[in-house]
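Enquirer: Protein chains in written order, with the numbering used here: chain L, -13 to 243; chain X, 1487 to 1712.
Careful: at least some of the hints might be erroneous.
What the hints assert, rightly or not - Calculated pairs, DSS-like style, for lysine-lysine (alpha carbon to alpha carbon, straight line, at most 25 Å):
#	chain 1	residue 1	chain 2	residue 2
1	X	Lys1711	L	Lys71
2	L	Lys115	X	Lys1711
3	L	Lys116	L	Lys105
4	L	Lys93	L	Lys64
5	X	Lys1711	L	Lys133
6	L	Lys93	X	Lys1711
7	X	Lys1651	L	Lys105
8	L	Lys115	L	Lys93
Derived from the structure by calculation, the hints contain no laboratory data.
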Amino acid sequence: MSEDANGFPEPSNEPLVVLQDVNKHFGDLHVLKDINLTVHHGEVVVVIGPSGSGKSTLCRTINRLETYESGTISVQGKALPEEGKALARLRADVGMVFQSFNLFSHKTILENVTMGPLKVRGVKPADAKKRAMELLDRVGVAHQAEKYPAQLSGGQQQRVAIARSLAMEPTVMLFDEPTSALDPEMINEVLDVMVQLAKSGMTMIVVTHEMGFARKAADRVVFMSDGAILEENTPEEFFTNPQTDRAQDFLSKILTH
Amino acid sequence: MLELIQEFELLAAFWMTIRLTLWSALFSLIIGTFVAIMRLSPVKVLQSIGTSYVNLLRNTPLTLIIVGTSLVLWGQLGLEPASRDSSTFIVDLNFRLAVLGLSVYHAAFVCEAIRSGVNTIPLGQAEAARSIGLTFGQSLRHVILPQGFRGAITPLGNTLIALTKNTTVASAIGVMDPAYQLDNIAEFRPDVLFLGFAVIALGFVVLTLPVGLIISALSSRLAVKR
């Protein structure tokens, strides 16, 4: 894998996640309008946009936590199956990190990370534990392994949630506003882990308001407003030279401070 | 008082209450969990079976159900959960029919208790379970039900206390429990009827009060911290 100037691996040209003409309504509200998006192997795509623009919904339809009415979504060339065993298998390959962490409250940190490998992949307990401890070490919370989620800070919980997803060896990771519920001083510890992940070549789709992360780690920025993708560009181009009025307006509001 | 307890075998009668309670608690927990799973499942048919079960059983008088097990299930339909060769055939039959009736009735309340426990779980827990690839069944087993039961301890405890007292309805089909003996006291020793009432009431307080205390302690100890 070749690297760019900042040490991030260059993405390949091989499509991994493909959305075609995806539409979704919440009642009368058209939350996703003819969404077309292709994410390639190793690519980091950051989705930004105002609240209610449908970016979280977009993220959640990719592993079908949200259904959609028309269009197709495929991951690794396979269309998303209906709810059932096949969908569960696909979800095992698609990591998901939530805004509210969603660690299993009744399980220890270690058990949170080993549950997927043990129950879904059938990994041996000793191997699952060893791998989980490596991952917890990588995200810097290995010393908290025996605690329960409620005993950890938000930033620590979110790093555990990333480790829990990584334990499944996903082909792509979805981040649904991973830092929006965090106290300001904890945002960077999570972003640091995400930047490391991007450098390791992980394919990532990140919904976020962190423009610094988008500039630093994104291969491509997708700007959404009112359920539609208005712009897709490299971070440099998007932030310095936004094409649509809506994007200019959005950036002027968030970048003045 | 001791004389009264001995004459009407009240200790044996309360032992019967305990046996009825334990067996019915066990079976109603099993049935109630299954009904709760049906109501929580994404399958519409199962949901409506679960909902119908709860509405039908919860709204039927317990006396009707208990007498029905004897007169209809056994008397008319020939369901006979005991062996005629046994010397205790009638006692066994009545006991088991009573457990059956108590179990199916209280299962409706157990189901609703578990559902209320499951409703305390944030939606994100189920989403996280699905997103790491757990199937619906695995999510239930490893994430939803363990947290749901912990959140349901208080309502389950209330159901257990209600069940303990409701076992007295079994006397309607000849199970020799305290209520059955109270009938005897009223018939053969009306002079101490008031004492009889008091002793039996006290017996139930002794049985149910510790349950309430244990439940309170358990529910705060096992509560899921969020």
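Enquirer: Next step is simple, just say for each hint if it's right about the structure.
Expert: Evaluation of the provided hints:
no., hint, result
1, X/Lys1711 / L/Lys71, "31 Å, violated"
2, L/Lys115 / X/Lys1711, "24 Å, holds"
3, L/Lys116 / L/Lys105, "16 Å, holds"
4, L/Lys93 / L/Lys64, "33 Å, violated"
5, X/Lys1711 / L/Lys133, "12 Å, holds"
6, L/Lys93 / X/Lys1711, "10 Å, holds"
7, X/Lys1651 / L/Lys105, "42 Å, violated"
8, L/Lys115 / L/Lys93, "14 Å, holds"
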